[in-house]
Structure formats: C-alpha cells, structure tokens
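Trainee: Chain residues, written in single-letter form:
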Amino acid sequence: MSDVLTVPRSRRNVEAALLLLAFAVAVGANFVAGLEREEPFNDYFWRQASTLVGMGILVHLILRIRAKYADPVILPIVIALNGIGLAMIHRLDLPRIENPDFVPVAPQQLTWTAVAIVAASVLLIFLRDHRILRRFTYISLIVSAVLLLLPLTPIGLPINGARIWINVGFGTFQPGEVAKITLAIFFAGYLSTNRDLILLAGKKIGPLQLPRFKDLAPMVAAWLVSIGVLVLQRDLGSSILFFGLFMAMIYVATSRVSWVLIGLAMIGVGTFIALQLFSHVALRFDSWLNAFDPEVYNRAPGGSQQVVQGLFGLANGGLAGTGFGQGRPDLVTYANSDMIIAALGEELGMIGVFAIILLYILLVSRGFRAALGTKDGFGKLLACGLSFTIALQCFVVIGGITRLIPLTGLTTPFMSAGGSSLLANWIIVALLLLISETARRPVRTAAPRESAAVSSASGRGALPRRPKEGSR
Amino acid sequence: MNQAIRSAWVVAIGMFALILGSLTYVQFFEAEELNTNDWNNRQLYQDFGRPRGAILVDGKAVAESVPSNDQFNYQRVYKEPNLYAHLTGFYSLVNGSTQLEQASAGLLSGTSDELFYDRIVGLLSGASSQGASVELTIDPQIQQLAWDLIPEGQRGSIVVTEPETGNILAMVSKPSYDPNLIAVHDTEIAARNVEQLSAVPGLSIYRNPATESLVAPGSVFKLVDAAAALESGDYDAESQIPNPPVLPLPGTTVGLPNYVNGTCATRSTADLEFALEQSCNTPFAQIAWDLGEDAIQEQARLFGFGERHQIPVAVEASQFPSDLSEPELAQSAIGQFDVKVTPLQIAMVASAIANDGVLMKPNLIKAVRAADLELIDSPSPEVLHESVSAGTAEQLTEWMVNVVNNGTGRGAQIPGVDVAGKTGTAEVEGRGDNAWFTGFAPANDPQVAVTIVMEDVDLATGSQLTSPNAKKIIEAVLNQ
Numbered sequence: 001m002s003d004v005l006t007v008p009r010s011r012r013n014v015e016a017a018l019l020l021l022a023f024a025v026a027v028g029a030n031f032v033a034g035l036e037r038e039e040p041f042n043d044y045f046w047r048q049a050s051t052l053v054g055m056g057i058l059v060h061l062i063l064r065i066r067a068k069y070a071d072p073v074i075l076p077i078v079i080a081l082n083g084i085g086l087a088m089i090h091r092l093d094l095p096r097i098e099n100p101d102f103v104p105v106a107p108q109q110l111t112w113t114a115v116a117i118v119a120a121s122v123l124l125i126f127l128r129d130h131r132i133l134r135r136f137t138y139i140s141l142i143v144s145a146v147l148l149l150l151p152l153t154p155i156g157l158p159i160n161g162a163r164i165w166i167n168v169g170f171g172t173f174q175p176g177e178v179a180k181i182t183l184a185i186f187f188a189g190y191l192s193t194n195r196d197l198i199l200l201a202g203k204k205i206g207p208l209q210l211p212r213f214k215d216l217a218p219m220v221a222a223w224l225v226s227i228g229v230l231v232l233q234r235d236l237g238s239s240i241l242f243f244g245l246f247m248a249m250i251y252v253a254t255s256r257v258s259w260v261l262i263g264l265a266m267i268g269v270g271t272f273i274a275l276q277l278f279s280h281v282a283l284r285f286d287s288w289l290n291a292f293d294p295e296v297y298n299r300a301p302g303g304s305q306q307v308v309q310g311l312f313g314l315a316n317g318g319l320a321g322t323g324f325g326q327g328r329p330d331l332v333t334y335a336n337s338d339m340i341i342a343a344l345g346e347e348l349g350m351i352g353v354f355a356i357i358l359l360y361i362l363l364v365s366r367g368f369r370a371a372l373g374t375k376d377g378f379g380k381l382l383a384c385g386l387s388f389t390i391a392l393q394c395f396v397v398i399g400g401i402t403r404l405i406p407l408t409g410l411t412t413p414f415m416s417a418g419g420s421s422l423l424a425n426w427i428i429v430a431l432l433l434l435i436s437e438t439a440r441r442p443v444r445t446a447a448p449r450e451s452a453a454v455s456s457a458s459g460r461g462a463l464p465r466r467p468k469e470g471s472r
Numbered sequence: 001m002n003q004a005i006r007s008a009w010v011v012a013i014g015m016f017a018l019i020l021g022s023l024t025y026v027q028f029f030e031a032e033e034l035n036t037n038d039w040n041n042r043q044l045y046q047d048f049g050r051p052r053g054a055i056l057v058d059g060k061a062v063a064e065s066v067p068s069n070d071q072f073n074y075q076r077v078y079k080e081p082n083l084y085a086h087l088t089g090f091y092s093l094v095n096g097s098t099q100l101e102q103a104s105a106g107l108l109s110g111t112s113d114e115l116f117y118d119r120i121v122g123l124l125s126g127a128s129s130q131g132a133s134v135e136l137t138i139d140p141q142i143q144q145l146a147w148d149l150i151p152e153g154q155r156g157s158i159v160v161t162e163p164e165t166g167n168i169l170a171m172v173s174k175p176s177y178d179p180n181l182i183a184v185h186d187t188e189i190a191a192r193n194v195e196q197l198s199a200v201p202g203l204s205i206y207r208n209p210a211t212e213s214l215v216a217p218g219s220v221f222k223l224v225d226a227a228a229a230l231e232s233g234d235y236d237a238e239s240q241i242p243n244p245p246v247l248p249l250p251g252t253t254v255g256l257p258n259y260v261n262g263t264c265a266t267r268s269t270a271d272l273e274f275a276l277e278q279s280c281n282t283p284f285a286q287i288a289w290d291l292g293e294d295a296i297q298e299q300a301r302l303f304g305f306g307e308r309h310q311i312p313v314a315v316e317a318s319q320f321p322s323d324l325s326e327p328e329l330a331q332s333a334i335g336q337f338d339v340k341v342t343p344l345q346i347a348m349v350a351s352a353i354a355n356d357g358v359l360m361k362p363n364l365i366k367a368v369r370a371a372d373l374e375l376i377d378s379p380s381p382e383v384l385h386e387s388v389s390a391g392t393a394e395q396l397t398e399w400m401v402n403v404v405n406n407g408t409g410r411g412a413q414i415p416g417v418d419v420a421g422k423t424g425t426a427e428v429e430g431r432g433d434n435a436w437f438t439g440f441a442p443a444n445d446p447q448v449a450v451t452i453v454m455e456d457v458d459l460a461t462g463s464q465l466t467s468p469n470a471k472k473i474i475e476a477v478l479n480q
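So the sequence lines, in the order shown, correspond to chains A and B.
Under full-length UniProt numbering, think of the first position of the first sequence as 1, with each following residue one higher.
Under full-length UniProt numbering, think of the first position of the second sequence as 1, with each following residue one higher.
Careful, some of the hints might be misleading.
To give an idea of the chain A side of the interface with chain B (calculated C-beta under 7 Å), a few residues [as the list claims (entries may be wrong)]:
hint, residue
1, Val103
2, Thr402
3, Leu404
Since the hints were derived computationally from the structure, they do not count as laboratory data.
In this text the structure is predicted, and so the values were computed from the model without any measurement.
Virtual Cβ for every residue (Gly too), placed ideally from N, Cα, C.
This is chain A alone, in the form it adopts within the complex (with noise of 0.2 Å):
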C-alpha cells in the first residue's frame, strides 16, 4: 500500500536541536509578555517555563524509549505552538490583573498543558501501536455518540446560546473537542475497513461514479452528526469541522471526486436549510456580509462588533506588529481563545502570523507524511483524517477572524485558552507521534545501517537506503 519509504533513522538528536528552539521561542515570548505590566522573573515565569521544558523533556524521553523513529520534528512544533499561546493568555491576564473579581487564565491553561501532556505521554507508553484502535471502531462511534449528547443532559452548560459544554465539577469540558478524535477513530476504522466494497459497487453515471445507496450510510451518518451539532448544540464551528474530517476520510479512503460533490452538495442543503431555520446561523452569515453596517456592528447579541475589533487589531499590527505586551489586543472580546490569533497579529504582525501559520504547515504536512509512510489503511486514514482537522480548523478559525468565512466559535489548536482543546490536540499530536513511528520504523530488527549495507543482496523486508527521500 506504500510506495514512501523512509530512512530508518531515529532525528531523536535532531528532535532534541528543535525542542531546544522551541523551548527559546517559548519562554521567551513568555519573558516578553511580561516585561512591561510584572517583576521579570517572577514565581509565575518560572512556573511557566519549568512546566514547559520539563513536560517537553518528559515527552522527549518517552519517544527515545518507546517510539523512537517518531518524526522529530511534531513535538518540537506543538511546545512552540502551545508555549506562545500561553504567553499570550498570560499577557492578556495582565491588564486585568489588578481587578480584584479576575481569575487569570494563563496558570489554568498552564495546568490544561500539563494534564495534556501527561495524558499524551500516557497514551505514548501504553498504546505502543496505533492499529489497537482499530479493534475499537464500534466502541469509538458510541463514544463519539455518548460526548456528544452529553452537553444535551442536564450536566450541560448552556454558555452564550451554544451547548457544547459540560459541568466536570472543577471546571467546563467540551466533550465535542474529544469526540473529533473517537470520530476520527470510528472513521477511519469503518472505511478501511469496508473501503474494498464501497469502492466495487454502485453506478458509474458519466465521469462520476456514484456510490450505492447503502454504501452512503457512513456519509449519512456524518451529515446526521454534524446537522445534529449545529440544530441541538449551536455549534457552527464543530458542524464544519466533523463533516470535513469525514469528507477529508471518505475522500481518502475511496479517492472518488464523486464523494466529496456528494458531500459538498448535502453540506450545502443543509447550511441552507439552517440559515432558513436558525436565526444563529442566519445571524453569523449577516455579521460576516454586513460586518461594516453600523446597526449589525451594534447588534447585541450577534453583532459584527466582534470581528470587527479583532481586524483593527490585525490592522493595527500591520506587518510588524506592535510588539509583545505594546497593543491592545484585550480590546476585542475572546482575545484569549477564539480571536487569539487577532491578538498574536495585532502585536507579531503579520510577519509573526505568518510564521505561526508556517509551523501548522509544517506540522499538518508531517502528519500526511506519516498518512502516506505508515502501511495500514487504518493509520493512514487516520493520519489524514486528524492531519485534516488541525488544517480545517485553523482555516476556519483564522478565515473567521480574518472575515474570509463567517466567524465560528471554535478555538486554534493548541494556542486558543481551553483546557479541552488542548488535551484533544495533544493526545492527536500522540496518535500522529505514533503513526509517524510505524511509518519510519524499520521492519527489521535488525540495525538500521546494517540492513542498509545488506539491502542490494537480498532485502525484501528491508528497507533500501534512499537518501533522497531520506533527507527531506
């Protein structure tokens, strides 16, 4: 099924070269942050930057000992990531710090990042293998069904007209966040597994080959889930998100065009038949087209006013940005979490932006590095799908702030202040961890260098030496 191989090289050093970056661009944007509104140096900068280095270390040592062909450079990307959001969440604190009634958000989302990883490294140790998941398709969709409904129970916490949070009594979970993956998980253990029969039957119309209609229940299904968010949940973000995981998947596994139009043509009904029924999304539409209209930018709930003020502060920055703790990015409503990226261009500028957007790049483009090296379907599929959904989110977050699309409550992987979301993005980064390592491993046992010597004799199994590929 593959035709990429890799050089059965472990990049731990390399990896080690890059956290070391990370961790530099890391805390020092936390240094920064702080520098003009609190004591340098203070318990809390320590705090930060201990947590930090010491849980990327943790992670760090765990992939020399259990996955060490892991790609090198997924978890150097993730701690640069994670540590500027949480430098940026605590430099929006600041302004508010004095205010007697302020919970800061940063050492919570300083709490999230360990719980997070910790519970990355666990799944590191114990899962060893991701195609175990396989055995858990079924079990994945009924989860995915459990989280989703249970905002709906009465643990549900209803915040500003979305019910996609729950009560954990600590703190609000967004069990939707988890369910991306379990989704994921039922996805892509479904269609490798059934892939041979969906792709053999159904009609070929023209260019087009339709699929037969019992072979669509899977695509039915996922336009059930994402209507279902959007009707009984609020959540237009989320209802983007889980039907492009499945169209990415589907897509995939079957590599039909006819499936995507499919799709594409079902999405579209259905945001039609909302924007008719559903005064929210009709709401967020007219935000996005009128957002300069002064009776929609004043509009209370549901204005423009939002977007609005996160463009002045993208415009503010311009290309060079203001400078770490020099604008006024805690102007615009969920500067910490939704319009987080309205507040990194507002003081990085564009050019900072633009680097942030290059690591998911880089980070989304190792995960389909890992789609195509790993050899089972099933971690394929699931490579692509969760690779899929950082990109998708991004697009949509970002293409919201930046009024490309309407805007969407949903948060930027691993920078957006929220504990669920953080804990969902790090345990994908440990299934792309994973995958990554059973793409890159060498099948052999035997040592790398030597089976590369022996590859011209005999070798089926072994891994030719391919230096090109190998260097990319």
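Take the given structure of chain A and dock chain B to it, following the hints.
Mentor: Showing chain B alone in chain A's frame:
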C-alpha cells in the same frame, strides 16, 4: 490511497494559502482603511492607556495621570482644577484636548521627537514609553493671590510676568471651570458636564481669556502711541500737544472728549508726561494723526501685535486695524474702535518697556523632564522684538512712574518702591467698561510686570479692582 492523501494535503495547504492571503489583505492592503475607521478607537485607547506626563507647578502636579480601573488604565486628574484650568486645559476622550494638554501633547504622551533618545532606550530596555513631565514657570503663591483678587462672579484676567525672561509667573482668569468634569471617561457624564459649563456666562472651556479673548484695551494703548511718538523723533519730553476738552472729528458730528471730570481740563496744552498721567485722550488722537496709521501700526507690531504666539499654548493675535479714516484713527489711538488685545499682549507691552525696550517671548515652560526626572529641555529666554530703544523705554518708564505717583494709577503706589504703571478704561457698547492696569516694579530694576483687566465693571469698581490689586501682587513678588 497515497494519491488521495497527497490530494488531501494539497487541499489542506490550499486552505492555509487562503488564510495567508486573507491575513495579507487585512494586515497590509486594508490596514490603513481599518486604522482610520470611525469605530476604531485603538489609537485613542493607546494614548489613554499610557501614563501621560504630569504638568507641574513648583514640583507639584496640577495635572497627572493616575491608574484607573476602567478600560483606559489611566485617568487624567487635575489638582486645584479651577485655579489652573485655563493653563492646563483638559485631556478628554470626546472633547479633545486643549491648552497645555494639547500644546505639549507630544512631550506629555512621550511621542515628541525631543524624546526620541528616551524612546530608543525604552525600546531596548522594554520599558513602556512614558510621557515627559512639563514644569511651569508659574509661581503657585502668586497664582493663588491673583486668583483671589478677582472676585467670584467677576469676569477678569491677571497676567504676571518676569520682564527680563518673559516667564509667566501667574495667569488667571475668571470664570474658570473644573477640567475633571470634562476629562471623565464616561462619555455621557462628560457630555452633560460640557453642556452645563457651556451655559456659564463668559466661559468657554476651549478658550483661555488671558491669551485668547480679544478685548478693547482703552487707554493702556496710549503706551504704544507714546512709544511711537518717541521713536519717530518728532516728539520728546518737551513737546507740547494741544489738549482741547473735545477734539472735533472730521466728517462727524461727535467729537472725541477728554474724561469730563478729570484733571485734563486744567491745561489747554499738554506734554506727554501730563497726557499719560491724566490719560488725556485728545493729545494722543492728534499724535496718531500726525504720525499716521502706519507708524502706530508698526509700533504695535513691534510690541507683538498682529502675530500668534506659541508660549507654547496658542496666543491669539492682537489687532490694530488698518485703512482707517481720521475719526477711526483717533478712536483707535485711545484703544477703542477695532483695537482688540489679549490681556497677555498688554503684559508684553509693559514687559518690553520694563526690559529696556526688548520684548522677550512669553513663556510658560520652565523645564521638561523625562519619566526618570532627567532634564530634557529647559527653554532659555528668547528675544521676540526690539520694541523700542533703551532711551525710549527709559523715558516711558519715567512717565509711567509719574502715572502711579501723581496720576490715575495712584492706587498702585508702594512706599519705598517706584512702581511704573498705566491705567485704562475701555468703553464697550451695551455693557460696563473694561478696567485696565498694566505696570511693573521696581522702576529702576523691574522684577515683575502685572497686567490686570476686569471686564464689564463700573468705573469705581474697576479702579478698585485694578491698581490696588496690582500693588498687592507686586508686593507679594518683591517680598519673596
């Protein structure tokens, strides 16, 4: 399957490309439009969110920024608000800023080029750019005294200067107001306060009467005539000028009278000393006719008329009209008709005479200090004009001392000190007179010049509120 994976990757990269594009659009191409959008109060928030330098009088802040718990982080607070309102002005969200808050905005907010070096240091050290403090030349005791000498409900201004440097020691006007009412961040409250203040008669929150309101100078303008006469070379202490009780004005049925109950009537001709002493009108009208409009105009210009000054607050240009008919010129020579001056302008005339004829540029700023108290600038005295020769100045001083010793300014006499002065009463159509006193002391070595104008008063009140008050201020300054 790998081909599909590659396609999915392309789609993912495509999405990233789209957001890179939209970010470029917002942050680069659309940025200027967004930055100037009416709803974008970011610049305002940025200005208000920074600690702004204080305005100091004798080391104490009369205007300063204190941390506030609202969205702006800092609130501008005015101490002794009414006393200093016309100097500090206000720094407000919707009503803009005025007076020193506006004139020294660059220094106070820290954006001035003079602070470039400090900004660079701040940038490198990461410290926020803090505004500089501006220390005024005002003497708080004299300021307070001058304030107390204008009765509540009376419209008037007092300007006290140091002739040698041009430094302003006191500058007060009533009615005044509390700038805190306008600087309040709640825009609704601010709007209501502004509305209430605009109903106060004689008050404009946008205008410092001492530097911006133009009033008729009356007889204090005769100092300009006398200066022009001496400078022309046609007149000296011996010159005798006809002093009819009423001077017929060609082409009109009315004449220009001397003050009916005054001592002027005792002489049919007058020298300049007597004409100034008793403030006789008719000799000065004839001098003006003799010298011509241009000569008076030019002398007025040398005293600072006709130009706006930045001290650094804006000073309105005082006016001497042009293209005058003979009757108009006669009226103008005694500071009536369209002669309009700021109280500061008259202070400048007295200061120039006091300073051997050299007019120093009026100045309110003693020192500018960076946030770390480092001295950035301390303005040195600047010559504005050589208004009259030293000889003319000496002669004028002698005559002005005579005004206080024997003439209309007797209320300003101080035992043991020669006070030079000139009074004035300008008639204003439809209401009471403007009563003036301008002068300086000691005559042989002037330390202080005082100019007082009380508007809309009767003659008795006017003379009570001018010369005697000038005496009190001069005493206070000389006794320091």
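Trainee: List in ascending order the numbers of the hints, as given earlier, that are violated by the structure.
Mentor: Violated hint (a single one): 1; every other hint is consistent with the structure.
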